[in-house]
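Asker: Quick note, the sequences are listed as chains A and B, same order. Take the first sequence: its position 51, counting from 1, is numbered 51 in the numbering used here, and each next residue is one higher. Positions in the second sequence are counted from 1; adding 282 to them yields the numbering used here.
Among the hints, erroneous ones may be present.
Computed Cβ-Cβ distance ranges for the label pairs, DEER-style [claimed, not checked]: (1) Glu-464(B) / Thr-43(A): 34 to 40 Å; (2) Thr-43(A) / Pro-393(B): 23 to 29 Å; (3) Phe-205(A) / Ser-345(B): 54 to 60 Å; (4) Pro-272(A) / Thr-284(B): 40 to 46 Å.
Think of the hints as simulated: they come from the structure by calculation, not from any bench. Bear in mind the structure is a predicted one, so any value in this text is a computation, not a measurement. Don't be surprised by glycine CBs; every beta carbon is placed ideally from N, CA and C.
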Amino acid sequence: MTTTTVVAPTVSGAPHSSGVMSNLRWLVSDTLTLTRRNLLAVTRIPEALFFSTVQPIMFVLLFRYVFGGAIHTDAASYVNYLLPGIFVQTVAFGSVSTSIGLAEDLQKGIIERFRALPMSRGAVLLGRTTADLIRNVFVIVVMTVVGMLVGFRPTTGVLSYLAGVGIILLFAYALSWGFAIVGLSAPNSETAQVMSFPLIFPLTFISAAFVPLSSMPSWLQGFATYQPFSVTVSACRSLMVGPAATGTGRSTEFWVVQSLLWTFALLCVFIPLAIRRYRTRT
Amino acid sequence: MTTAIEVENLQKTFTGKRVVRALDGVSFAVPEGTVFGLLGPNGSGKTTAVRILTTILRADGGSARVLGHDVWKKAALVRTLIGLAGQYAAVDENLTGRENLQMVGSLNHLPRAFVVTRAVELLDQFNLTDAGDRPLKTYSGGMRRRLDLAAALVARPTVLFLDEPTTGLDPQSRNDLWEVIEQLVGGGTTVLLTTQYLEEADRLASTLAVIDHGRVIAEGTPESMKADLGATVLEVGLTSIEDAERTGAILDTLGTHQALTTGTLVELTVDDGPQAAMSGLRALDAAGITPQSFNLREPSLDDVFLSLTGHRTEGQATDGDEGGNEDQSPRRRRRKRRIEQLEEAMPMATGEFS
Numbered sequence: 001m002t003t004t005t006v007v008a009p010t011v012s013g014a015p016h017s018s019g020v021m022s023n024l025r026w027l028v029s030d031t032l033t034l035t036r037r038n039l040l041a042v043t044r045i046p047e048a049l050f051f052s053t054v055q056p057i058m059f060v061l062l063f064r065y066v067f068g069g070a071i072h073t074d075a076a077s078y079v080n081y082l083l084p085g086i087f088v089q090t091v092a093f094g095s096v097s098t099s100i101g102l103a104e105d106l107q108k109g110i111i112e113r114f115r116a117l118p119m120s121r122g123a124v125l126l127g128r129t130t131a132d133l134i135r136n137v138f139v140i141v142v143m144t145v146v147g148m149l150v151g152f153r154p155t156t157g158v159l160s161y162l163a164g165v166g167i168i169l170l171f172a173y174a175l176s177w178g179f180a181i182v183g184l185s186a187p188n189s190e191t192a193q194v195m196s197f198p199l200i201f202p203l204t205f206i207s208a209a210f211v212p213l214s215s216m217p218s219w220l221q222g223f224a225t226y227q228p229f230s231v232t233v234s235a236c237r238s239l240m241v242g243p244a245a246t247g248t249g250r251s252t253e254f255w256v257v258q259s260l261l262w263t264f265a266l267l268c269v270f271i272p273l274a275i276r277r278y279r280t281r282t
Numbered sequence: 283m284t285t286a287i288e289v290e291n292l293q294k295t296f297t298g299k300r301v302v303r304a305l306d307g308v309s310f311a312v313p314e315g316t317v318f319g320l321l322g323p324n325g326s327g328k329t330t331a332v333r334i335l336t337t338i339l340r341a342d343g344g345s346a347r348v349l350g351h352d353v354w355k356k357a358a359l360v361r362t363l364i365g366l367a368g369q370y371a372a373v374d375e376n377l378t379g380r381e382n383l384q385m386v387g388s389l390n391h392l393p394r395a396f397v398v399t400r401a402v403e404l405l406d407q408f409n410l411t412d413a414g415d416r417p418l419k420t421y422s423g424g425m426r427r428r429l430d431l432a433a434a435l436v437a438r439p440t441v442l443f444l445d446e447p448t449t450g451l452d453p454q455s456r457n458d459l460w461e462v463i464e465q466l467v468g469g470g471t472t473v474l475l476t477t478q479y480l481e482e483a484d485r486l487a488s489t490l491a492v493i494d495h496g497r498v499i500a501e502g503t504p505e506s507m508k509a510d511l512g513a514t515v516l517e518v519g520l521t522s523i524e525d526a527e528r529t530g531a532i533l534d535t536l537g538t539h540q541a542l543t544t545g546t547l548v549e550l551t552v553d554d555g556p557q558a559a560m561s562g563l564r565a566l567d568a569a570g571i572t573p574q575s576f577n578l579r580e581p582s583l584d585d586v587f588l589s590l591t592g593h594r595t596e597g598q599a600t601d602g603d604e605g606g607n608e609d610q611s612p613r614r615r616r617r618k619r620r621i622e623q624l625e626e627a628m629p630m631a632t633g634e635f636s
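Could you put the whole structure together from the sequences, leaning on the hints where they help?
Answerer: Encoded structure:
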């Protein structure tokens, strides 16, 4: 037993002082605390680390060497065509972890503890989505390196490439909020996972990610071209390897605007819904 | 003496697939610096009461105050004054013990330097210093509960809520945890404790309320309750139902209450165990009855219920039924949680988001 006693802090932080500035300050600080906590978890759960690194690499190798030979692309080499698609597909799959993480926190009662603490109410969702955003940065760096190793050669310069990465991250962030709703609605993390994949599969595969749109039946092409996932793939492809690679005749600006509009619209819908769900879920 | 916790006519109904009146007009008061035990079986409303008092859940009616502050209207303030530990307030398995304590400290908006020192101090106090930098996944059930309790104490709360702190622990860990809680109380913290174990309530609490179906059915000191109940239970097992009925009739005069006969088992609460045992054996011998088993045991929550309501706690067998492997069996935990979470469909507007 210790004999030292620490003097209780003289509320230097004034936890319940009101005012917009101080609320905002605590929102930021609590969000950072939880972001750190969620990222630490990623490094300590083998499955999470696997999903963040090994799985994306496997997808790159699979499409590059197994399916790639059978898929014909006109304007760019298949590996150049494929990589932007794989990036978006990977972060989209990764956003499912937002739902799993939240469902798990609810299930284990950690959110119960958070609710009894004098912390910012918004920090739980912000901390979770921010952690997933940061994890995505890491994932894209890893995949870029692996892509380069198997022959991926961006043609448009560093700034344009980074703009493409930015588009992917924003889109993934919007998806994270969508999956936050799923996670907050699921009774447990297993169900959250099961509920999430049927939502993400059609979007990722009926898209411009892996095969040229022209190879699909015409009744499918409309959806496959303009759904949010596809326009983001096309925007990235234009930004990373040039607009001709999209095989659509559209300009880079067109796809970038389309993707940003979709991302913005999804955020406008998902964020309020997720917050509402968090408040009503006890 | 000032009142630390004040609950008046608290009501809460969950409307889900099934409408459940979790709290049906509960009232009690806890003076500052004392330990109050809320004793009741699963589903009696204990956890709901704690969740309302810790600002997690909103009551439908009545009032709940902590240190004079309404727990709903002044939720932000109340959260700075309380600590919560127990069956559902979990710790993060992926973080180390130290990281868990520091995280809770940061979320309490305590200065960083204080949080770091406080974590060291708590790990030491709870004998977790050696395990402090290991992830919680490697902790035993008892260690986890100790860390859970430590996490509730990071901000030095004035009022502490312990929701079934030892459910699912082995006797040794339970005893260790009791010692820690006793030390806390010596330090002047007000504690509200929920439990299914009469033994636990008896050991820790200075005042008890027995709760059943969302109502307080008895209140008093553990001593007064045990005095009403009889200190010991005499249990006699017979070979036939006829023998059991005769035995019940013979033993009736020895107990504080009527003997209870269930099948071939007769139970009787008595004041003086050994004395009652001797008289009972003599009387049975004289009547030519040979018991198959003959035991003296401590009264359980079940016995309290029996003496208060005339019926046993519903929907559960004996004491410890839910307890045994709570930590080991996620499915059972989840099922239990689902039952308690009928409120899932309940709209709960938290006052301030962000």
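Asker: Could you run down the list of hints and mark each one as holding or not?
Answerer: The hints, checked one at a time:
{"no.": "1", "hint": "Glu-464(B) / Thr-43(A): 34 to 40 Å", "result": "39 Å, holds"}
{"no.": "2", "hint": "Thr-43(A) / Pro-393(B): 23 to 29 Å", "result": "27 Å, holds"}
{"no.": "3", "hint": "Phe-205(A) / Ser-345(B): 54 to 60 Å", "result": "56 Å, holds"}
{"no.": "4", "hint": "Pro-272(A) / Thr-284(B): 40 to 46 Å", "result": "43 Å, holds"}
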